[in-house]
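Participant: Take a look at the letters that make up each chain.
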Amino acid sequence: MTGLRPRAAIAGIYEYPYRNNSSYGPLAIKAMSAVRALEDAGLTLADVDALYDAGEAAAHPGLEVAEYLGLDPDVLGTTDVGGSSFELFAADACRAIAAGEARVALLTYAETPRSGRVAIPPMAGTGRGQPSSADNIEAPFGLNIVANYALVAARHAYQYGTTPEQLAEIAVTTRAHAQRNPMAIAGLKDIGLKHTGEISVADVLNSRMIADPLHMLDCCLVTDGGGAVVIVAEDLAASLPKPPAWILGTGMAVSYQGPDRDITVSAAAKSGPRAFQRAGVTPADIDVAMLYDSFTITVLMLLEDLGFCAKGEGGSYVEGGRLRFDQPGGPALNTDGGGLSSNHPGMRGLFLLIEAARQLRGESTAQVANARLAVAHGNGVLLGTRHVGGTVILGRERP
Amino acid sequence: MTSRPLPRQPEPDSDAFWAATTKHELRYQQCRRCGRVVFFVRAICPGCGSGDLELKLSRGAGTIYSRTVVRRDGQPFFRERTPYVYALVDLDEGFRVASEIVTSDVDRVAISDRVQLTWEDHPEVSIPLFEPAS
Chain A
1 MTGLRPRAAI
11 AGIYEYPYRN
21 NSSYGPLAIK
31 AMSAVRALED
41 AGLTLADVDA
51 LYDAGEAAAH
61 PGLEVAEYLG
71 LDPDVLGTTD
81 VGGSSFELFA
91 ADACRAIAAG
101 EARVALLTYA
111 ETPRSGRVAI
121 PPMAGTGRGQ
131 PSSADNIEAP
141 FGLNIVANYA
151 LVAARHAYQY
161 GTTPEQLAEI
171 AVTTRAHAQR
181 NPMAIAGLKD
191 IGLKHTGEIS
201 VADVLNSRMI
211 ADPLHMLDCC
221 LVTDGGGAVV
231 IVAEDLAASL
241 PKPPAWILGT
251 GMAVSYQGPD
261 RDITVSAAAK
271 SGPRAFQRAG
281 VTPADIDVAM
291 LYDSFTITVL
301 MLLEDLGFCA
311 KGEGGSYVEG
321 GRLRFDQPGG
331 PALNTDGGGL
341 SSNHPGMRGL
351 FLLIEAARQL
361 RGESTAQVAN
371 ARLAVAHGNG
381 VLLGTRHVGG
391 TVILGRERP
Chain B
1 MTSRPLPRQP
11 EPDSDAFWAA
21 TTKHELRYQQ
31 CRRCGRVVFF
41 VRAICPGCGS
51 GDLELKLSRG
61 AGTIYSRTVV
71 RRDGQPFFRE
81 RTPYVYALVD
91 LDEGFRVASE
101 IVTSDVDRVA
111 ISDRVQLTWE
121 DHPEVSIPLF
131 EPAS
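In the order they appear, the protein sequences are chains A and B. Mapping to the numbering used here: the first sequence position 71 is 71, numbers consecutive. Mapping to the numbering used here: the second sequence position 109 is 109, numbers consecutive.
By construction, these hints were calculated from the structure, which means they are not laboratory data. As the structure is a computational prediction, the values presented were derived from the model and not from experiment. A portion of the hints provided could be inaccurate.
Which chain A residues stay away from chain B? Per the calculated CB distances, all over 12 Å, these [what the hints assert, rightly or not]:
id : residue
1  : A66
2  : C309
3  : G312
Derived coverage of chain A by chain B (criterion: at least 3 residues anywhere in the stretch with Cβ under 8 Å from a Cβ of chain B; other residues may be distant) [said to hold, decoys possible]:
id : stretch
4  : 133 to 142
5  : 145 to 151
6  : 202 to 216
7  : 255 to 267
Glycine included, each C-beta is placed from N, C-alpha and C at the ideal position.
In isolation and in its complexed conformation, chain A is listed as follows (with noise of 0.2 Å):
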């Protein structure tokens, strides 16, 4: 699909704001804001005619949730891999509008593990179904995803000298931008942290010690969390009530094990030049960068992977506070505060792409100032041993 330009844009976008409560399931929730989402876009659900879900919420990916919305879609895409399956989404529905099969896609999803007080589930199929060959060497040695981001992090100090204090900067510059998202507060509160207000380098470092170099702070929240997304062709973009986000180019790319596999490159080093090139856009162009924070190592990663520095120079990068919404000399990032400082249910891809919307229609809780490109990008599944990486440009004008 390389060349294709597709004219779609977001059009839509609602954000479910509890993290921490039990009154509606996640088929529910995933209901309820795809109708505020479709409101948002002037639309019905009468007028959805591709969907898009992950398959989190129900036993048949996009099954149930059609039958519970009543939607007669066309199209059905249902793509699990993690974190990063709505940024495909996106790039699957840029695709079927293009081919002319769709006009209104709508993406939605939803997780409870806060209230519903269930571990985030095993990563991909380790435990369930049937085994494999590369879970049976995996799982004697558990399966803790934190150690496996570690992993990166150390490998990634080693090689580079990128230092605790630098992945802090990140944390610290996502719970700052939180502090003016008042859902993100308020959501701090509903899962009992104490200290709701911003942090400081040293409140990074002086977290518990998870697995090393990763501390506490290092590490996303558990939240309850939802929303959806509308995305439509380009004829009804232009009746909107309200700006739409453009979707200029799209990448993806996979990551898995191997003896020569540098684990300090993400996948988003190939899914990143592909969607920028598609764009015709660079990252110096870039004003807003929705980077999947599952950790801070992540971040760091994907700053240098898709172009924001070289790598290695991630660590040096991020100091001084370049990242913060009103700063000079780099992207805004996770300006809503990210899964560190506003909300983590388990597949975090959508709100990337919500929140990057919302700065171009200039309605984020920290706006960067005349924001005209963003780019979502989700990393999905497990930074260390296997990851699929989408990354999506998102623009204010039309292409």
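Mind docking chain B on chain A? Use the hints.
Facilitator: Frame of chain A, contents of chain B only:
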């Protein structure tokens, strides 16, 4: 009492690998057609697609590619084991494995350290672990 999660068998790709562990043999594959070293064991060479893979014996000597000290774990067996060293080890034959470094001093284990295979025996399989090379 909790126990280490063990491989689930039967699993056709890896049954021969696990059977070898009972003899304290760490096996890996090498493609007879293109020479590629393959790990985890599987039916097809990911380099050339050949199904002609030789199950070879590793000497069990390697170098730590990355390591972390796990200090918190939600799974009961590993919670009791904290703090423990979880690592990626590059074996001298050219394959990489995730495993645990058995040591009384978790803070001294470093990237690039040489390590040597050791085994933890269970009734049906043995689990390959590593310890600092003497």
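Participant: Against this structure, judge whether each hint is valid.
Facilitator: How the hints compare with the structure:
no. : hint       : in the structure
1   : A66        : 34 Å, holds
2   : C309       : 22 Å, holds
3   : G312       : 15 Å, holds
4   : 133 to 142 : holds (count 10)
5   : 145 to 151 : holds (count 4)
6   : 202 to 216 : holds (count 7)
7   : 255 to 267 : holds (count 5)
Checked against the numbered hints above, the structure breaks none of them.
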